[in-house]
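Student: For reference, the chains in residue letters:
Number of protein chains: 2
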Amino acid sequence: MERSEEIGKENGDSEQKQSVTDGSICGYESLDRLLSANLQPQVCQEVSRLLLGLSCGQPLQSIAIPESAKSLSSEHDFDLQAFSFCADKELLRESRMVRVGLIQNSIVLPTTAPFLDQKRAIFQKLKPIIDTAGALGVNILCLQEAWMMPFAFCTREKRWCEFAEPVDGESTQFLQEFARKYNMVVISPILERDVNHGETIWNTAIIIGNHGNIIGKHRKNHIPRVGDFNESTYYMEGNTGHPVFETAYGKIAVNICYGRHHPLNWLAFGLNGAEIVFNPSATVGELSEPMWPIEARNAAIANSYFVGSINRVGTETFPNPFTSGDGKPQHSDFGHFYGSSHFSAPDASCTPSLSRYKDGLLLSDMDLNLCRQLKDKWGFRMTARYELYADLLARYLKPDFEPQVISDPLLHKKSS
Amino acid sequence: MERSEEIGKENGDSEQKQSVTDGSICGYESLDRLLSANLQPQVCQEVSRLLLGLSCGQPLQSIAIPESAKSLSSEHDFDLQAFSFCADKELLRESRMVRVGLIQNSIVLPTTAPFLDQKRAIFQKLKPIIDTAGALGVNILCLQEAWMMPFAFCTREKRWCEFAEPVDGESTQFLQEFARKYNMVVISPILERDVNHGETIWNTAIIIGNHGNIIGKHRKNHIPRVGDFNESTYYMEGNTGHPVFETAYGKIAVNICYGRHHPLNWLAFGLNGAEIVFNPSATVGELSEPMWPIEARNAAIANSYFVGSINRVGTETFPNPFTSGDGKPQHSDFGHFYGSSHFSAPDASCTPSLSRYKDGLLLSDMDLNLCRQLKDKWGFRMTARYELYADLLARYLKPDFEPQVISDPLLHKKSS
Numbered sequence: 001m002e003r004s005e006e007i008g009k010e011n012g013d014s015e016q017k018q019s020v021t022d023g024s025i026c027g028y029e030s031l032d033r034l035l036s037a038n039l040q041p042q043v044c045q046e047v048s049r050l051l052l053g054l055s056c057g058q059p060l061q062s063i064a065i066p067e068s069a070k071s072l073s074s075e076h077d078f079d080l081q082a083f084s085f086c087a088d089k090e091l092l093r094e095s096r097m098v099r100v101g102l103i104q105n106s107i108v109l110p111t112t113a114p115f116l117d118q119k120r121a122i123f124q125k126l127k128p129i130i131d132t133a134g135a136l137g138v139n140i141l142c143l144q145e146a147w148m149m150p151f152a153f154c155t156r157e158k159r160w161c162e163f164a165e166p167v168d169g170e171s172t173q174f175l176q177e178f179a180r181k182y183n184m185v186v187i188s189p190i191l192e193r194d195v196n197h198g199e200t201i202w203n204t205a206i207i208i209g210n211h212g213n214i215i216g217k218h219r220k221n222h223i224p225r226v227g228d229f230n231e232s233t234y235y236m237e238g239n240t241g242h243p244v245f246e247t248a249y250g251k252i253a254v255n256i257c258y259g260r261h262h263p264l265n266w267l268a269f270g271l272n273g274a275e276i277v278f279n280p281s282a283t284v285g286e287l288s289e290p291m292w293p294i295e296a297r298n299a300a301i302a303n304s305y306f307v308g309s310i311n312r313v314g315t316e317t318f319p320n321p322f323t324s325g326d327g328k329p330q331h332s333d334f335g336h337f338y339g340s341s342h343f344s345a346p347d348a349s350c351t352p353s354l355s356r357y358k359d360g361l362l363l364s365d366m367d368l369n370l371c372r373q374l375k376d377k378w379g380f381r382m383t384a385r386y387e388l389y390a391d392l393l394a395r396y397l398k399p400d401f402e403p404q405v406i407s408d409p410l411l412h413k414k415s416s
Numbered sequence: 001m002e003r004s005e006e007i008g009k010e011n012g013d014s015e016q017k018q019s020v021t022d023g024s025i026c027g028y029e030s031l032d033r034l035l036s037a038n039l040q041p042q043v044c045q046e047v048s049r050l051l052l053g054l055s056c057g058q059p060l061q062s063i064a065i066p067e068s069a070k071s072l073s074s075e076h077d078f079d080l081q082a083f084s085f086c087a088d089k090e091l092l093r094e095s096r097m098v099r100v101g102l103i104q105n106s107i108v109l110p111t112t113a114p115f116l117d118q119k120r121a122i123f124q125k126l127k128p129i130i131d132t133a134g135a136l137g138v139n140i141l142c143l144q145e146a147w148m149m150p151f152a153f154c155t156r157e158k159r160w161c162e163f164a165e166p167v168d169g170e171s172t173q174f175l176q177e178f179a180r181k182y183n184m185v186v187i188s189p190i191l192e193r194d195v196n197h198g199e200t201i202w203n204t205a206i207i208i209g210n211h212g213n214i215i216g217k218h219r220k221n222h223i224p225r226v227g228d229f230n231e232s233t234y235y236m237e238g239n240t241g242h243p244v245f246e247t248a249y250g251k252i253a254v255n256i257c258y259g260r261h262h263p264l265n266w267l268a269f270g271l272n273g274a275e276i277v278f279n280p281s282a283t284v285g286e287l288s289e290p291m292w293p294i295e296a297r298n299a300a301i302a303n304s305y306f307v308g309s310i311n312r313v314g315t316e317t318f319p320n321p322f323t324s325g326d327g328k329p330q331h332s333d334f335g336h337f338y339g340s341s342h343f344s345a346p347d348a349s350c351t352p353s354l355s356r357y358k359d360g361l362l363l364s365d366m367d368l369n370l371c372r373q374l375k376d377k378w379g380f381r382m383t384a385r386y387e388l389y390a391d392l393l394a395r396y397l398k399p400d401f402e403p404q405v406i407s408d409p410l411l412h413k414k415s416s
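Line by line, the protein sequences are chains C and D.
Position 229 (the first sequence) corresponds to 229 in our numbering; numbering is contiguous.
Position 363 (the second sequence) corresponds to 363 in our numbering; numbering is contiguous.
Since the hints were derived computationally from the structure, they do not count as laboratory data.
Worth double-checking, as some hints may not be accurate.
Said to hold, decoys possible - Simulated pairs of lysine-lysine, DSSO-like, Cα-Cα distance not exceeding 27 Å: (1) K328(D) x K377(C); (2) K70(D) x K398(C); (3) K375(C) x K398(D); (4) K158(D) x K328(C); (5) K398(C) x K377(D); (6) K89(D) x K328(C); (7) K377(C) x K89(D); (8) K398(D) x K377(C); (9) K375(C) x K89(D); (10) K375(D) x K328(C); (11) K70(C) x K158(C); (12) K413(C) x K158(D); (13) K181(D) x K70(D); (14) K89(C) x K70(D); (15) K377(D) x K158(C); (16) K181(C) x K413(D); (17) K89(D) x K398(C).
Make a model of the complete structure from these sequences and hints.
Tutor: Here it is as structure tokens:
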């Protein structure tokens, strides 16, 4: 078989269901759907309580999706789900309901296609999904990490840097139109080329305001060196701190991909006042799937904010085979990006996940007042004793740091 | 009905199965058992992969339990489960296998019984469970938070302080015998009375070495003020830092109960070199059950160490009714302690949980080399950029801290 055919086959339609890695079950869409298809309703409800939590003491409510939106999702073959988190009514503050959207998608053309064609094909694929979000009244929409290109960093080939764009480049302009049209804040994670700093490459999220203006950017703070995530070959640790963007619809921040493994990164966005933190990602099954539902949700609990987690879908195959530092033979793909985008709330509840295989749009309504309500309830900020940790981290940074270890004085005594 | 009868009924045998809060399903023992009883094996295996992860690419293995131990668990009616985490063989280090045990239990006598009787009845109940752990070759054993008393802090009555003991008190002495007999490290979380500091009360874990010696103690760092967890009425934030205890079987630490909500607390034990962190707890269903499987596991992933999570079981009813600050009528119990003790590993895998209703002993074999293997694989320490956070926390502590907020300059412009 020609390599290009192979690529065409694998990068094509995301609708084709695939076997899971171990071959035991074919193409189930998500854990939640697998459970609801296989459990009695009563059992399923209790399992959901344990796995997804409760919102105001009740299972999370679905939002009815209008027929027009259902038609679009069916026509363009993307998963469409919508939920509503519950919060208490307050007596001194109006509720601050916002509708938030996450989009996950596979690439469209083979990675051998001309780069501009690849990018524009993604634009074309996203258009009806973003239109659906806009038509459904989404206030804040976030796309996946490096959404305008294949996630080619596994290859270590520098030619993929050509996809990098300035903050106000073509991909931003594409999204600015939707922001204006739908009065919607859009978060656009791209590969950034920083011409003013000698063509430096960054992994950057651009925050587009609801008038189409660029509010600012955040550059990925923590860069992986694990598996085929050879991103440290391409770009360095971000230099934008932990900004929180005050938008028309609340205070938001972006923790890009691998930053979700760092509780301190999540903490910093919280200390700066974030109410929703987005985690646009690109991650593959064998490496991280069991971690995926844990880390974002822990961050939402610990920091009393909402989290929107996005992962791309599909398998991307590249022209030249590469090895993975695991002694296995060379191969041409990065593994299966398992989608499964979802929201987590500060009250420890979370939504079911989007498909593991299909493009998707996940909506959720949330009252941002819930963040403060949870701070008042649990008091994590007030009981945090930050002074202990400021001191510890300052000491830890020194090369001669001595950990606090109490050794058993009988350690080398023989057992009686 | 007399109140004492009521108490007797509720505090009695833990074996009696109870309805879950919403009444939909009666007395299932654990999420894992509920799923395996209701799913086809093939589906269950895939659900387990998503929920519990893989260990060396395989489902976590059970350890065969000898008939003698099974008989003890049956005779004394406690849940007994055993698993083995997998690690790679290294070429330059011997593997460091340890067998670790967690015990969860309900109290025995009504809380109206004489205090000494209540305590000694718990001793008697624990004896065969600890003997089973010893006979099975457990190297490190941890009991639940304040294991030698009812969790009476919901009442705000100061008379329960009578249960507090010095570090070398009766409860410690009780456990020192087992430590010597079985050459076993024992972690004993008690209510501590610190006579040398004016009868100060602490929530303390005592680390007993495998020769029966007291290696040291750790006092709970973070004290809750949520629901009926009125612990701040009884004791203050611990003054022992984040010690790691170097024992004959590895470097261990203790994050007591509410400290699990604080990622910085977990982090500090990791920075000090812990390989296993125990989280002895007492927590109830409606408040925290959906958080329970998330936080400890996130800590194991983020800090590349094992976590042993323990929660007590049963419902404890107190002589005098109390209110809960939620506008609801006075009541006499704290809610259902849902057990569900389990282990989490640094590779994101975790064991199934012990029963939600019964006493239990959970064993796990683990090669402590796995901690460093995961540090080498994922590099979370090296990519953590602690300097950013030392600086942020130092600034945050100042009363005039200014969060890093970038406001949309068009924030107050009317939408077009």
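Student: Could you run down the list of hints and mark each one as holding or not?
Tutor: Each hint, compared with the structure:
1. K328(D) x K377(C): holds (16 Å)
2. K70(D) x K398(C): This hinted pair is violated, its Cα atoms lying about 51 Å apart.
3. K375(C) x K398(D): Holds: K375(C) and K398(D) sit about 20 Å apart, inside 27 Å.
4. K158(D) x K328(C): violated (64 Å)
5. K398(C) x K377(D): Cα-Cα ~24 Å, so holds.
6. K89(D) x K328(C): holds (18 Å)
7. K377(C) x K89(D): violated (46 Å)
8. K398(D) x K377(C): At roughly 24 Å apart (the allowed maximum being 27 Å), K377(C) and K398(D) satisfy the hint.
9. K375(C) x K89(D): violated (45 Å)
10. K375(D) x K328(C): holds (21 Å)
11. K70(C) x K158(C): violated (41 Å)
12. K413(C) x K158(D): Since the Cα atoms of K413(C) and K158(D) sit roughly 43 Å apart, the hinted pair is violated (cutoff 27 Å).
13. K181(D) x K70(D): holds (21 Å)
14. K89(C) x K70(D): violated (52 Å)
15. K377(D) x K158(C): holds (24 Å)
16. K181(C) x K413(D): Distance of about 16 Å is within 27 Å: holds.
17. K89(D) x K398(C): Not satisfied, since the Cα-Cα distance of roughly 33 Å exceeds 27 Å.
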